[in-house]
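**Q** If you want the building blocks of each chain, they are given just below.
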Amino acid sequence: MVTTTLNDMQWMATWLLLFPLIGFLTVGLFTKRMAPKWAGILASAFVFFNVIITFVLWSYINTTHQSFQFNLFEWIQFGAISVPFSVSIDSLTIVMLFVVNVVGWLIHVYSIGYMRHDEGIHRFFSYMNLFIFFMLILVMSSNYLMLFIGWEGVGLCSYLLIGFWYKDHLNNNAAKKAFIMNRIGDLGFLIGIFMMFHTFKTLDIQTIAGAATTMPSGNTALLIITLGLLMGAIGKSAQIPLFTWLPDAMAGPTPVSALIHAATMVTAGVYLIARSSVIFVLSPVTMHLILIIGLLTALISGLIAIYQHDIKKILAYSTVSQLGFMFIALGLGSFTGAMFHLTMHAFFKALLFMAAGSVIHALNQEQDIRNMGGLKNKIPLTFFLFLIGTLAISGIPPFAGFFSKEYILSAAYEQSTLMGVITTIIALLTTLYMFRLLFAVFYAPESPKVQSEKHIHESPWVMTIPMMVLALLSLVGGFVQMPASFNDINLFSNYLAPVFATATQLNHAVYQPLGTTFEWMTLTIPLLIIGLLIIWMYMLFAKKSITDHLSFWEKIMARKFYFDELYQITVVRPMMSLSKFFREFIDEKVINRLINSIGNDTLLIGEKLRLIQTGNIGFYLIIMVFSILAILIINFIR
Amino acid sequence: MFQLYLFIFLSVLALWSASMVLITKNPVHSVLYLTLTFFTLAGHYILLNAQFLAVVHVIVYAGAIMVLFLFTVMLLNLNKTGQFSKSTITKWMAVIAGGLLFVVLVASVKTTDLVININPNLSQSGLVKNLGNVLFTEYLLPFELSSVLFLSAMVGAVMLGDKHKK
Amino acid sequence: METIIQPLQTIPLMYYIIFCSALFSIGVIGILVKRNALTIFMSIELMLNSANILLAAFSAYRNDSSGQLFVFFIMVVAAAEIAIGLALLISIYRSSHSIDIHILNRLKW
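Chains as they are written, first to last, in the numbering used here: chain A, 641 to 1278; chain P, 148 to 313; chain W, 2 to 110.
No false leads were slipped in.
Okay, the calculated bits of chain A under chain W, using three or more residues with CB under 8 angstroms as the criterion:
{"no.": "1", "region": "1247-1257"}
{"no.": "2", "region": "1261-1272"}
Listed next, the in silico BS3-like pairs over lysine-lysine satisfying Cα-Cα at most 27 angstroms (straight line):
{"no.": "3", "chain 1": "A", "residue 1": "K672", "chain 2": "A", "residue 2": "K807"}
{"no.": "4", "chain 1": "A", "residue 1": "K1094", "chain 2": "A", "residue 2": "K1018"}
{"no.": "5", "chain 1": "A", "residue 1": "K953", "chain 2": "A", "residue 2": "K817"}
{"no.": "6", "chain 1": "A", "residue 1": "K1195", "chain 2": "A", "residue 2": "K1089"}
{"no.": "7", "chain 1": "P", "residue 1": "K233", "chain 2": "W", "residue 2": "K109"}
{"no.": "8", "chain 1": "W", "residue 1": "K109", "chain 2": "P", "residue 2": "K238"}
{"no.": "9", "chain 1": "A", "residue 1": "K807", "chain 2": "A", "residue 2": "K953"}
{"no.": "10", "chain 1": "A", "residue 1": "K1195", "chain 2": "A", "residue 2": "K953"}
{"no.": "11", "chain 1": "A", "residue 1": "K1248", "chain 2": "W", "residue 2": "K109"}
No lab work stands behind these hints, which were simulated from the structure alone.
A quick note: this is a predicted structure, and the numbers were derived from the prediction, not measured.
Virtual Cβ for every residue (Gly too), placed ideally from N, Cα, C.
All chains, please: the whole structure from these sequences, using the hints.
**A** In structure tokens form, the structure reads like this:
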């Protein structure tokens, strides 16, 4: 396998794109003839082929240490504009391929069990494969326009899958909200692309990165470009102010939430910024903006999550918070840290969503945690997996979350102690809401609903085995990158170092490396606090059911800081009244009158003209003679 | 010289009788004056040595068409005078229109170059033999078609004139 | 193109043109002035004949038979037209008992 040539690798990369596309077409078009279980098996098989190809490509890149890029076909080409459909594979791509394909495959297998009784199962799996296709286009593209195609495509699939149960119009509203908010971000992305083309006359990522190094830092063109791309990332990765769509997107099936809104689509924004690391590093204003947005998002959504009741909404806000973390890492210039946390987060967040799906499945579509409790003994395997996910996300060693958060926190401390402390405090919020969730669902006294449920059972093996794989990955995944004070294993950062080399060089911020003692302090003190918080949460939630007496500030947090209401007043209502104005005034009064007048005026003119026909022959004759005279005279004069 | 005087005499006679067609109130008198005009026009044809045309003109127009007119006048019992006429302003407008037409027609032709090949007295093209030669060789198709035209006219006239029995 | 042999002894073509134009104008005045449908028909005949004379004159002056043949066909058409026209007139008279064109004005809006 190692001795295969570059040409074979290109073929493999092309098949990466073709397999999910074929899956989409086959499962989507042959709905009537395919038995439901084959839909899931076929779709999962296609993604499994992708997993194999990913490993082959990974070993190739590992051994030859070469990234490659090739054109699939010429797409746009006229005059100065040349945008081919071209694929580029380097270590960053491999990381993303790994996340998308492996986690995607595991979720496909899980969905075979979860969506077993759903009548739209063919549609579901075809959309899932289509999503994988577009996500791969996004990740493997080597120019911004093709990336944008993938970007839009995953937005489309997100819409289709959120509104999967389309008969309930609340789901459709949630899908529309997601798509429209994404679109607002895409406007920024497009402006960035236009500016890029205007400045660099090309859209190829490597070429732009190379050309940008000749420009001074803080260049206006680069600023506009990066702000545009940032806006796109904000929309896609649910940062403030475009984050309210993600909790509403939980209206879709749980596998959709796991795949799209935890592991892959929402990380596209982070990937975009990481990919364009060179031009972002060259505009410090944008970097500061990314940092501030990340901090605010992580803080606010963390606070909201503490006071939610729906199990999936808590996980959704948790996703937003973790994405904020990734943005903090990007803002600090630690692109490797962001990618590391992205990968680890994909593992344990998908695991958490799948376990939540298990709980919902066991309790017959119950999603309110106030109606749960005491499930620890009833569904012990699910409890165990959920526990692993919770430990991972809270950053407790030796789970993966500890190492990824540690990487980010050390980058924060390197910038300044204050930044590090703030980031740590925000990270501790995770512990609060995740353990609240864990204790309320599994430890609290049984609610009446749980007592009345007769058939609380574990999920079938097809659902639990993928969860176990993810749990394993959450456990050992972190060991590829350990802090300097431990064993200083730098597998991950060394792997991604070539990709981010230029960016790290250009980064003008001066960082002080941490001393060993300081690093030990930053590791252990938060762990102690985490332990204290766990005990506090235990006392609050494990012993009694959740009561609803909230103080004033708690009420604001529970109401999501009134973001939705704010948007309703400032954006939605003016838009609606503008539409109303256009419809009632311009469309009905102006345009209709104009069109009607064409017909009416013709009738009027006809009515007046018909009076010429008097029937009087003498009149006709005189008119005839005079007309002939006129013709003759005009001819004669000429 | 003699021809010029003959021409002028015939023209004046033709124009006078044509005007009388319009001026008299009695329709029968109009028909008779028109017949006189046609005879003078026949004279013009002879002056041009268009022998065939002159004869055909007399037979067809003065002999058939005018007789037809007279039949119609008798049939419609139009020998009474006292038909209302149009308003004066209409008559003046008509005269002005006609006058203008005359002026424009003459003026437009006055400036052109008129091609004259021979003395019209000596032209042989009006003789029956020459005319028949051209008619039955070059213009055979219109000749045959005119027979179809006459057929349709006859059928139409008979059908229209027939009294429809209830 | 031969020149005129004895210009003083031939009638200038211009005289024919003036004569025919006058006859034509009289015919035009006739159709505009008269109210009797029959008289209008007669004026139309006048106009046709003026055209005939002019055609014959041109044909004679150029020694070309086509002009006179055209006159022949015009006469054919005129004859047919008169036949139909008068038959129509009689038919109308039978139904409305008048040939005054001010009264025959049913073909209006």
